[in-house]
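Residue numbers (the numbering used here), protein chains in the order written: chain A, 1 to 666; chain B, 1001 to 1666; chain C, 2001 to 2666.
Treat the hints as calculated values from the structure; they're not laboratory data.
None of the values given here were measured: they were computed from a predicted structure.
One or more hints might be untrue.
[Said to hold, decoys possible] Computed footprint of chain B on chain A; a stretch qualifies when at least three of its residues, placed anywhere within it, have a C-beta under 8 Å from a C-beta of chain B: (1) 6-20; (2) 37-46; (3) 82-88; (4) 99-107; (5) 234-240.
[Claimed, not checked] Label pairs and their in silico Cβ distance ranges: (6) A:Ala133 - C:Glu2155: 57 to 65 Å; (7) C:Pro2603 - A:Glu464: 37 to 45 Å; (8) A:Glu464 - C:Lys2629: 48 to 56 Å; (9) A:Thr57 - C:Glu2155: 43 to 51 Å; (10) C:Ser2417 - A:Thr282: 42 to 50 Å; (11) B:Thr1631 - C:Arg2588: 51 to 59 Å; (12) B:Gly1527 - C:Gly2520: 28 to 36 Å; (13) C:Asp2160 - B:Phe1054: 32 to 40 Å; (14) C:Ser2417 - B:Asp1196: 29 to 37 Å; (15) C:Gly2163 - A:Thr463: 57 to 65 Å; (16) A:Arg164 - C:Asp2160: 41 to 49 Å; (17) A:Thr282 - B:Gly1527: 31 to 39 Å.
Using N, Cα and C, we set each Cβ at its ideal position, and we do this for glycine too.
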Amino acid sequence: MKTDKLYYGAAYYDEYMPYERVETDFKLMREAGFNLIRIAESTWSTWEKREGEFDFTSLDRMLDGAEKYGLSVIVGTPTYAVPTWLVKLDPKVLTVNHNGQNLYGPRQNMDIVNPTYRKYAGRMIEKLTEHVADRPCVVGYQIDNETKAYDTCSEYAQKDFVGRLKKKYPDPDAFNHEFGLDYWSNRVDDWDCFPDIRQTINMSLAAEYEKYQRQIVNEFFEWQAGLIGKYKREDQFLTHNFDYDWIDQSLGYHPDIDQYAAARHLTVAGCDIYHQCQDNLTGKEIVMGGNIARSLKGTEQPNYLVLETNAQGLTAWLSYPGQLRLNAYAHIANGANCVEYWHWHSIHNAIETYWKGVLSHDLTPGQTYRECSVIGNEFARIGKHIKNMKKSNRVGVLLSNEALTGMKQFPTKSAGSHSYNVVMRWLTDVLYDMNIEYDMMGVADHDFSKYECVILPPLYSATEELLKELDEYVAGGGNLIAAYRSGFSNEILKVYPDTQPHILNRALGIRYDQFTYPEGVTVEYGGKSSAAREWMELVTPVTAETLSPYTHHTWGKYSAVTLNSYGKGHAMYLATMFGGDTLREIYRRFFDEIGLAYDDSAPVSIRRGVNDDGNEVIFYLNYSKDEIKFTHNGESGVSLLDEKNVGKGGELCLPPWGVCIVEIRK
Amino acid sequence: MKTDKLYYGAAYYDEYMPYERVETDFKLMREAGFNLIRIAESTWSTWEKREGEFDFTSLDRMLDGAEKYGLSVIVGTPTYAVPTWLVKLDPKVLTVNHNGQNLYGPRQNMDIVNPTYRKYAGRMIEKLTEHVADRPCVVGYQIDNETKAYDTCSEYAQKDFVGRLKKKYPDPDAFNHEFGLDYWSNRVDDWDCFPDIRQTINMSLAAEYEKYQRQIVNEFFEWQAGLIGKYKREDQFLTHNFDYDWIDQSLGYHPDIDQYAAARHLTVAGCDIYHQCQDNLTGKEIVMGGNIARSLKGTEQPNYLVLETNAQGLTAWLSYPGQLRLNAYAHIANGANCVEYWHWHSIHNAIETYWKGVLSHDLTPGQTYRECSVIGNEFARIGKHIKNMKKSNRVGVLLSNEALTGMKQFPTKSAGSHSYNVVMRWLTDVLYDMNIEYDMMGVADHDFSKYECVILPPLYSATEELLKELDEYVAGGGNLIAAYRSGFSNEILKVYPDTQPHILNRALGIRYDQFTYPEGVTVEYGGKSSAAREWMELVTPVTAETLSPYTHHTWGKYSAVTLNSYGKGHAMYLATMFGGDTLREIYRRFFDEIGLAYDDSAPVSIRRGVNDDGNEVIFYLNYSKDEIKFTHNGESGVSLLDEKNVGKGGELCLPPWGVCIVEIRK
Amino acid sequence: MKTDKLYYGAAYYDEYMPYERVETDFKLMREAGFNLIRIAESTWSTWEKREGEFDFTSLDRMLDGAEKYGLSVIVGTPTYAVPTWLVKLDPKVLTVNHNGQNLYGPRQNMDIVNPTYRKYAGRMIEKLTEHVADRPCVVGYQIDNETKAYDTCSEYAQKDFVGRLKKKYPDPDAFNHEFGLDYWSNRVDDWDCFPDIRQTINMSLAAEYEKYQRQIVNEFFEWQAGLIGKYKREDQFLTHNFDYDWIDQSLGYHPDIDQYAAARHLTVAGCDIYHQCQDNLTGKEIVMGGNIARSLKGTEQPNYLVLETNAQGLTAWLSYPGQLRLNAYAHIANGANCVEYWHWHSIHNAIETYWKGVLSHDLTPGQTYRECSVIGNEFARIGKHIKNMKKSNRVGVLLSNEALTGMKQFPTKSAGSHSYNVVMRWLTDVLYDMNIEYDMMGVADHDFSKYECVILPPLYSATEELLKELDEYVAGGGNLIAAYRSGFSNEILKVYPDTQPHILNRALGIRYDQFTYPEGVTVEYGGKSSAAREWMELVTPVTAETLSPYTHHTWGKYSAVTLNSYGKGHAMYLATMFGGDTLREIYRRFFDEIGLAYDDSAPVSIRRGVNDDGNEVIFYLNYSKDEIKFTHNGESGVSLLDEKNVGKGGELCLPPWGVCIVEIRK
């Protein structure tokens, strides 16, 4: 969604405050260049203290304040945390999951298909939307918050699941055969005997249940979008804050939601990107997460909203001076039109007391507020040149929930449930290091033809149709990089019983039928050497060239990396995982081969896009604690932050964690 | 409580014996100088095999034996382990806690507010007390054993808790506001909708529930004291064996009981101190634990009973020769009037088979018995000179259950639920290393005016009254050492929403509003350098002097340690944790500044006190496996163990793990 | 059981196949020299899709195929995995164990004493046996699969357990005394008050319950043997695939089954041996596991069946070329008459998808099939010379379920539930390294008189009768090696209350009453030195010679290893655990002392036996990745694989992972 300005804001919770501060806070916001707040998404019990008693006093106070101080407002539906009275009314609102019965307390502990929950949540959504729809400050709505099915295994959910299976497989024999349920006597020949799903040892069934859980999430979005749609103005948008798989920070695509499907119910995609800071800040999460968000509504609607990101964040995450500003521009450089912090003020009670906001607990302007103030006022000044950034990337990365689930059900050596995203990040982080920008694609929405190169993180689970399409893409002149385990199983995790990688073996020009964990094995290329890890397939080239064999006393006759010419295109296969430095050398060879240019000589991160005026804008981002000098790699332009001219090939200098943005004016 | 002799004894369990041994054992005890046994605290089912059938045969056998062999007896109430028939009668006697429903087997698994438990336990207490009260050998009673609420979350307890909350907060709005329950829709506007407490994400509520659990423990003490009081003789004392937070050994103050409140129901404080031995023996647990016990009845009644400590103990704990004797004197040096082992004989079945007593499983005198025999006979000989030791310490350490709970609910980087005690031990272990003796104080019983220096382990949770009192203490000439996070939140863990440390910032002369975990940060002072760990606040001095800034490329402008002159006193702040050697240098600076003398040149541990005759007694304790020579630091006196004279400045020599006690006779 | 040929085969699952392949597969098998399949043991739901509807179509297809292609068939009873309809019929079929209520999904999750399970499982067994008994290809039956009680703690089991206790102990006082139940008030004076066993803290009771669980396993074997016996032909054998305690591979004797008792219901013992490969392949698991299996039916019936072992196995286990063949001969060298892989084909769905068979998922001959083909055809050629191998070992190792349970209930420092088997493996792996072959013995079946040397892994729990018998064995000229903790407790884990090791102290010539964990302690012998670990007893020699004292500043006066002459024999005691190299030096001393010859100079593994023709056969096995040259240590003979003559003292050369078998023809 295009916007007429950059949004800069914070989540705001009047109801959490130790004392009334709306005027004070909004004044501070305006002074710092904030122009947006997000409210309401967690406070059902505040506005419906007892069943049916609605009181929007505090909501009105915030809206009045917002209008007074010129802040736009996103209103979230308060449905991800349920009131105590609702649980008293129907204890089954708290769901049962793989770990047993939930108790009250945490958010996101309810059964999203429980009828009681739906009835009262629906009423709340309507009351709220109706109440705020006419307020001028309200620019949009956020459906719920980081929505999932929370692993619901309730009786409602399981019954629904079996009903859908029954419809999909009218013939129980076909069902048992396809899912391999003769194994360990797990057959179901009478649907009424379908057992509790929670300890199934059949990964096809487990994966099917995870897919079901993603489907009810989609239906949940559709339901909320419908209710809000009854009241919302035409000019108000509908968004959602999608989040990510997580290892200490945003890691990769989320296993529990099909974001591409869910985003169909939205006007604009939003996301929550959290990352480490201090010496661990790299900017990689901002690009990875942003690239997913940018792809959710298709390449024609690339701009997205960062609805949550670190202010001070967790205790370990406190930023060094300069880092917040660097990150803000990194989001914009990637196509975001909004940078919104979670959250404005630090909270004085409860579990997120140490997830700090723009203001510390003393609620007075401190170091973080001062840095935000710089950002906010710069955004106001130069925002028109850098909003609605449009990308023309030549590399596309295919994301698949089914493959991700497959890699979770059958993980590699040590990466566990992150076995998919760890490879995805390996493949894309090296692109980042080489200043190659890339797009993401969902399986249902992909268009390979847009890209000179398509990258497959382990496409463990895929339909034959998709595999054939990839084959045709290469044959027709496309260039493919495929990671290990791609093409191994079908859409329900049944292994394809023929030559691996199934179908893809032709384009890749290889075959294998054995694999193991690498122990004492290395991969060498271009003068770099690194340990193989996680997984290794004993690949034999058929028509492919071996770029790197395994270095090992016994496995040395097999290939670790192969490159094949197939039809008009090229296909590279990575049969194991190894160091990023070695992969970078291999990428260089591949991209040189296919003639895809990149600038990995630069000591800074470079992002490019085209702005509303059709001008190219280049962002130089210094992700280091040292001052860096480098050469401008583009036509003459204007440095937007200091309004100086930058000549073609001109020298630039960035302070630690510094930023320079050059607009090439036509 | 003063005593007319040193007690030396062991817990005794006639009912666990593989064959009848009372005469044999008591004779061995008398020969070894034992004069005390503790009996009865775990054997309800022995004396009430079936409901209402009381049989005290074995009890009488022990009492008869004790009288024959001149042993004093402490009778414990057998209420911490329930009989099988009681659980059959009311299964709810086994409590529900945060981990779910308890099953039968372990001790301390019952619901102490269950009415059935109270009814039958009360009857047992009365029957037992009535039966033994007139026996001359019975000198006192022990209430229960290491009593807690065992995390009861039973329906009885939760209902009681909500009832008390309701009384405390007649206005639900005030309750919701104070506890911040709007957060994540957790409001309770109808007390009947109060949810199960066990998964609350509101740490204020969780802490309040822990406080409730400590309150019912206090009430449990009051109840038992009342029942015993119906029968006990005037000259019989009432005690309890308080224990400690635990990491492989006694660590610090216990989170689950307010020992100061519970001790009000007792005649004399008792404690269970367990510690590692062999190369890991330091004596620090004996001082830490003993100092807590010594403070429980106030400084006017300093003497306490060590009711349990290592005999052979756990497999890893077997003492080297000499260590048991060293420890026995260390207890006495600290103010104990009793050293009692757990336990006399090793047990032949069940979970504590490998927690060995004075006798090994062969039940014949071995190495441990022989060493005890030395101790017992020495105690008999010199006990009158070293009992009822009185201390005049100039340093006081403030202990707070609320702060401890706060640090458990919001732990630092890696110390988890021990985040409070780890700092408390850091602060006090360095005192120990410097031969500075110190007292403990409870929040409800403190008297700062007694001390030249008051030390605050992280006083995370504190009322404004307490913080103001600390401010006045410094202003009036007191000297304060405060650890990080002190003054951060109020008594229900709501963060104070103004300058940190709340109120204390004035006396400390500092402020901060940001903190993080230290990574690659060091603290340097007096030629020592060590890594900062667990927590670091970015402290800016206001009126204070920076003793040590952080050594770090970015955080170097903030202070790790500050010293402030305030009114007539001084206040030092430790904004992070670091190595003991560095802290020792900082302590030297501080104690020199305030003129508090100490003797940290000695290669041995030194303890001082005043005995019944008003004479100073100095204990020299060699906590090492090497022989040590050193100089007597006191007036001329008599070495009590070998009855030799020791001149002022005289040379002394201790063998490995050796002891020398000098009485300075007036 | 003697056989007329070597069996070589694989488990086969027609019902798991993605498409019909019986003909294809059996043809491939025959070509590769396979002559055996095992079928049916996991597919109850396939043949009884709905209660009472039996359909053996797929079974018949397999039997027809087997007969066409000349394969023998072992039919397993399909009772270790229950159908969904059975659980719907009686949810209690899924058992309750120490972790709570089982859900459907995994195998081996049922209550083997549940009457519903027994009723329907019994009917299935009879239907199946009746159906196949007359088929010529069916050579035998396998009862169930790796059977245990699966820790059942169901109401049926617990009631049964209490009933048996009541019968065993008519006097509750005697029961309480023997089990030490006065401890922590755990007495049971009314059998109706017997509490849930699951959280007992009384290890005697816990061990008794484990013994009960093993008893019902025995009864389960008896029950199945009886049902099969109604139908089976005289010439058909009855076997079972016993498995092993496990740490990443087969580790040692299994704690949950008395294999010696269970084997009484069988014609021939079988076993499942799984082990690591690649650089971690040592052959030790094949010998350890095989030696147990060889002993189960007594030394007169030594030959056993390896019913399952690695084909490709788990991902980490993929063999190097040559390893499969080496292992196949290692099994035969040890006395096996059958090598059967688990399994023929890799599975395309569910939890064992990555436990790969002879064929990979592509179901075409690959590297593994080709190597099997070599083995199968060699077996066909030379099998008659190496089947029915008979051993005359002079060393016997005593295995005890009770001792194993005791070491699990009271583990040593870090070995946890494996505390017994870790020592057993330490003691026997060094024998393996020295090329000393040994037998195993069960407590109920032992005959010490057969052996020149008896080795006791920690005989923690033993009757006085057994200890006396060991005493007499040594006195009469036997030679004993006893590990620490032997003789410590009686048959219900009650510690013997006199000099340790109980009774054995006389033969060993030592005593001790203290023990600890070794820290900084080493054991030195014969120029080797290694750290003591897990456990150390402070042993004082009485009549024994100290072979090695502890090397330590304080414990140095105690003995780590002692050797005693007693009557006509010798007894060695190992009071701690230490490095294998050091133990090997000590073994050398001991075996030299007692005159037991061995060949530990060889750089290869050597196995010896006598074949059907009464000829000695020597197997040379190269467990390394290097070529090895060595000298034939035997009379002149014929190398069976290449049919060359090998002279006495002749030079031999083995390639990496190579094998040479020399038959010394009379």
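We went through each hint and held it up to the structure:
no.: 1; hint: 6-20; verdict: holds (count 5)
no.: 2; hint: 37-46; verdict: holds (count 5)
no.: 3; hint: 82-88; verdict: holds (count 6)
no.: 4; hint: 99-107; verdict: holds (count 6)
no.: 5; hint: 234-240; verdict: violated (count 0)
no.: 6; hint: A:Ala133 - C:Glu2155: 57 to 65 Å; verdict: 60 Å, holds
no.: 7; hint: C:Pro2603 - A:Glu464: 37 to 45 Å; verdict: 53 Å, violated
no.: 8; hint: A:Glu464 - C:Lys2629: 48 to 56 Å; verdict: 54 Å, holds
no.: 9; hint: A:Thr57 - C:Glu2155: 43 to 51 Å; verdict: 57 Å, violated
no.: 10; hint: C:Ser2417 - A:Thr282: 42 to 50 Å; verdict: 44 Å, holds
no.: 11; hint: B:Thr1631 - C:Arg2588: 51 to 59 Å; verdict: 56 Å, holds
no.: 12; hint: B:Gly1527 - C:Gly2520: 28 to 36 Å; verdict: 31 Å, holds
no.: 13; hint: C:Asp2160 - B:Phe1054: 32 to 40 Å; verdict: 33 Å, holds
no.: 14; hint: C:Ser2417 - B:Asp1196: 29 to 37 Å; verdict: 35 Å, holds
no.: 15; hint: C:Gly2163 - A:Thr463: 57 to 65 Å; verdict: 58 Å, holds
no.: 16; hint: A:Arg164 - C:Asp2160: 41 to 49 Å; verdict: 43 Å, holds
no.: 17; hint: A:Thr282 - B:Gly1527: 31 to 39 Å; verdict: 38 Å, holds
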